[in-house]
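*Asks:* If you want the building blocks of each chain, they are given just below.
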Amino acid sequence: MAHDFRDAVFDSVFQIVSKNPRTIILTNDMGAMGLSQIQESYPRQVLNVGISEQNMMSVAAGLALSGYVVFVYGIASHITTRCYEQLKLDVCALKVPVILLGMGPGLSYGVDGPTHHATHDCALLQTLSGMTIYLPADGVAIKAMVELAYQGGTPAYIRIDKDPYESVYAPNEHDFSLGLETIQQGESLCVVTNGIMLARVREAARELLEEGIEVAIVDLYRMNPCNESRLWEACARAQAIVTVEEHGRTGGIGSLVGRLLSERGHAIPFRGLSLGDEMLFGSASRPWAYGQCGLEKESLKNTFRQMALLPITV
Amino acid sequence: MNVQALEYKAAELRLHILRTALKAGKGHVPPAFSWVEIGVALFYGGHLNLRSDDPTWENRDRFILSKGHGCLTLYTMLADLGFFPKTELDNFCGPGSLLAGHPDTHIPGVEGISGSLGHGLGVSAGLALGAKLHSCPWKVVTVMGDGECQEGSVWEAAMFASHHQLHNLVAIIDRNGLGATNYTENNVALEPFVNKWEAFGWEVLSINGHSFEELGKALGCFRQRQSLKPLMILAQTMKGKGVSFMETSVDWHHRIPKGEEVEEALRQLMGAISSSGSAVTMEMAHGS
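Chains as they are written, first to last, in my numbering: chain A, 1 to 314; chain B, 1001 to 1288.
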């Protein structure tokens, strides 16, 4: 059954706002049903600052310095790139509790054109000192990440997909402070993925099982800081590794896993599947863009199959 | 402090600022000089509630220097007031020094990072909103540059502050008329500046930013203001004030004096101290 990420995130934020009057949500004129419900119950704790992302981040920092925990809700591409310097200097350098709720990451808003594509958001934000980056795959994960970000008291970014999600985790099943989870074991290949791509990878892996190909799947739901020792533990015994992400080629989990393997001198077959680094002009719907970049199910299966059957060349 | 004591302090600080920059061979001296009286009025004139022995005291007023390149004035004041040892000034811009060419929050008494312009007013507005929502007694004061107002983020913050009636926010613009390489009116004109701020919903006071009488009058009222508008003090100043060949010159943004310029600058600044100091001595002699 499919669920809405926004409902999950605002259910969690509602709980926090109801308990802590020094919590406030800022938005750059972006709406959501869950946000309206919070506003109805706690009107002093929701503030539409207008279409002014730079000022929104500076104000968020100021509010945080005055004792607030601040959630900032807006379209992912707009609240990351438009105000990057404010995030760097006012939020991250001051290490204040400002939690970005980035609506519509990757190509969630693909058909709306390149202004709305958030395909390098993680690349940019991971260079900011102290910015924790979460890429939840379902509602259980997002609830835990909102709570972790709130308790953390430092800057965080949570990607909130616009498309519905399928449940991956049972409530209270997993400790999300660990940074990643091997959600299924497999001997043939290890796939590292996260966010909305996790469901697609699982579906491809299910079908490959009928061919006798066992795919291990790692949900790397916290990109920054990456739990490298746990990631290494998950990858070390794999015969081949593929990363799958709805993000640009540069600065995503492909870069991260590739660097990890390189630094550890682990010479095994590796392949990074992602969107390209080129800007996608026109209406880049997910099915169309996935077809272009080898991210649709059959392409995923082909790549997984190919990598699983490669001879080890160490 | 009375006006003569403030004038003496301003003259003394200018000399410290120049000596600090000369020792480092770096620093923005003229942009520091233009807001010396503003800084002295705030920090020594009793207009900011701060504790040098407890810089993060909960009920302190929040001061943000948005024009970070003018930090030498802030550094010398904070050192003089005991926020950190004066010896730190000797290592300004040195390897691993506490004091870089633009301020950051590792420095006791510094509330925000600045240097890239257009940040201070927005952060100050957030602080002021937080204080207002919870009826905190403290005020927020920010000093901005005039060239900085060519940043769009300044006007986003200006709209925000008036919309939310942040009457606990005071912004002071050091209107020295110059950017880094040219007069603001030659780059992108700011005038009519008063009208712009008024149109954005601020109460605006236009004063002489080197006059302690006018600064005292403008700052003296801000805690008892009835207006719901944020307060803008447009302080007309002179970049490089105190050293004749630097004053209002497009050549002096971050240039450091050399050779005879050093001797002449020091002579003028020491002369100012001497005249201010004499006045204080005479005043003391008369028992007031």
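Errors might be hidden in some of the hints.
The list that follows gives simulated cross-link-like pairs (lysine-lysine, DSS-like), each with its CA atoms no further than 27 Å apart [unchecked claim]: (1) K1132/B / K1086/B; (2) K1217/B / K19/A; (3) K301/A / K162/A; (4) K1258/B / K1217/B; (5) K1023/B / K1217/B; (6) K88/A / K1026/B; (7) K162/A / K143/A; (8) K1217/B / K1196/B; (9) K1132/B / K95/A.
Pulled from the structure, derived: some chain A residues nowhere near chain B, Cβ distances all over 12 Å [what the hints assert, rightly or not]: (10) S41; (11) V59; (12) G62; (13) L65; (14) E85; (15) D90; (16) A93; (17) L148; (18) Q151; (19) A170; (20) P171; (21) E203; (22) L209; (23) W232; (24) A236.
Derived by calculation from the structure, the hints in this document are not laboratory data.
Ideal Cβ positions, reconstructed from N, Cα and C, are used throughout, including at glycine.
*Asks:* A separate judgement is required for each hint: does it hold in the structure or not?
*Replies:* For each hint, the structure was consulted:
Only pairs whose Cα atoms come within 27 Å are accepted, and K1132/B paired with K1086/B is rejected, the gap being roughly 35 Å. Distance restraint check for K1217/B and K19/A: the Cα-Cα separation of roughly 44 Å exceeds the 27 Å cut-off, and the hinted pair is therefore not satisfied. Between the alpha carbons of K301/A and K162/A the distance comes to roughly 25 Å, so the proposed pair stays at or under 27 Å and holds. In summary, the hint linking K1258/B to K1217/B is not supported, as the alpha carbons are separated by about 39 Å, beyond the 27 Å threshold.
At roughly 36 Å between alpha-carbon atoms, K1023/B and K1217/B are farther apart than 27 Å, so this suggested pair is violated. Between K88/A and K1026/B the alpha-carbon distance is near 25 Å, which keeps this suggested pair within the 27 Å criterion. For the hint linking K162/A to K143/A, the alpha-carbon distance of about 16 Å falls within 27 Å, and the restraint holds. At roughly 23 Å between alpha-carbon atoms, K1217/B and K1196/B fall within 27 Å of each other, so this suggested pair holds.
As the CA atoms of K1132/B and K95/A are separated by approximately 23 Å, the hinted pair is consistent with the 27 Å bound. Every CB of chain B lies more than 12 Å from the CB of S41/A, the least distance being 17 Å, so the non-interface label holds. Residue-level check failed: V59/A sits 4 Å from the nearest beta carbon of chain B, not beyond 12 Å. Once the 12 Å rule is applied to beta carbons, G62/A is inconsistent with being away from chain B; the minimum gap is 2 Å.
With a minimum CB-CB distance of about 6 Å to chain B, L65/A fails to clear the 12 Å threshold, and the non-interface call is violated. Remark: the non-interface label on E85/A conflicts with the geometry, its nearest Cβ contact in chain B lying 6 Å away (cut-off 12 Å). A cut-off of 12 Å between C-beta atoms contradicts the statement that D90/A is not in contact with chain B; the least separation is 6 Å. Remark: the non-interface label on A93/A conflicts with the geometry, its nearest Cβ contact in chain B lying 5 Å away (cut-off 12 Å).
Once the 12 Å rule is applied to beta carbons, L148/A is consistent with being away from chain B; the minimum gap is 24 Å. For Q151/A, the shortest C-beta to C-beta distance to chain B comes to about 20 Å, beyond the 12 Å cut-off, and the non-interface label holds. Here A170/A stays apart from chain B, with its beta-carbon at least about 39 Å from theirs, past the 12 Å limit. With a cut of 12 Å on Cβ distances, P171/A stays outside the contact zone with chain B, its closest approach being about 34 Å.
Chain B leaves E203/A outside its interface by the beta-carbon criterion, the shortest separation being 44 Å against a cut-off of 12 Å. Annotated as non-interface, L209/A keeps its C-beta farther than 12 Å from every C-beta of chain B; the closest such distance is 52 Å. Every beta carbon of chain B lies more than 12 Å from that of W232/A, the smallest distance being close to 34 Å; the non-interface claim holds. Residue-level check passed: A236/A sits 39 Å from the nearest beta carbon of chain B, beyond 12 Å.
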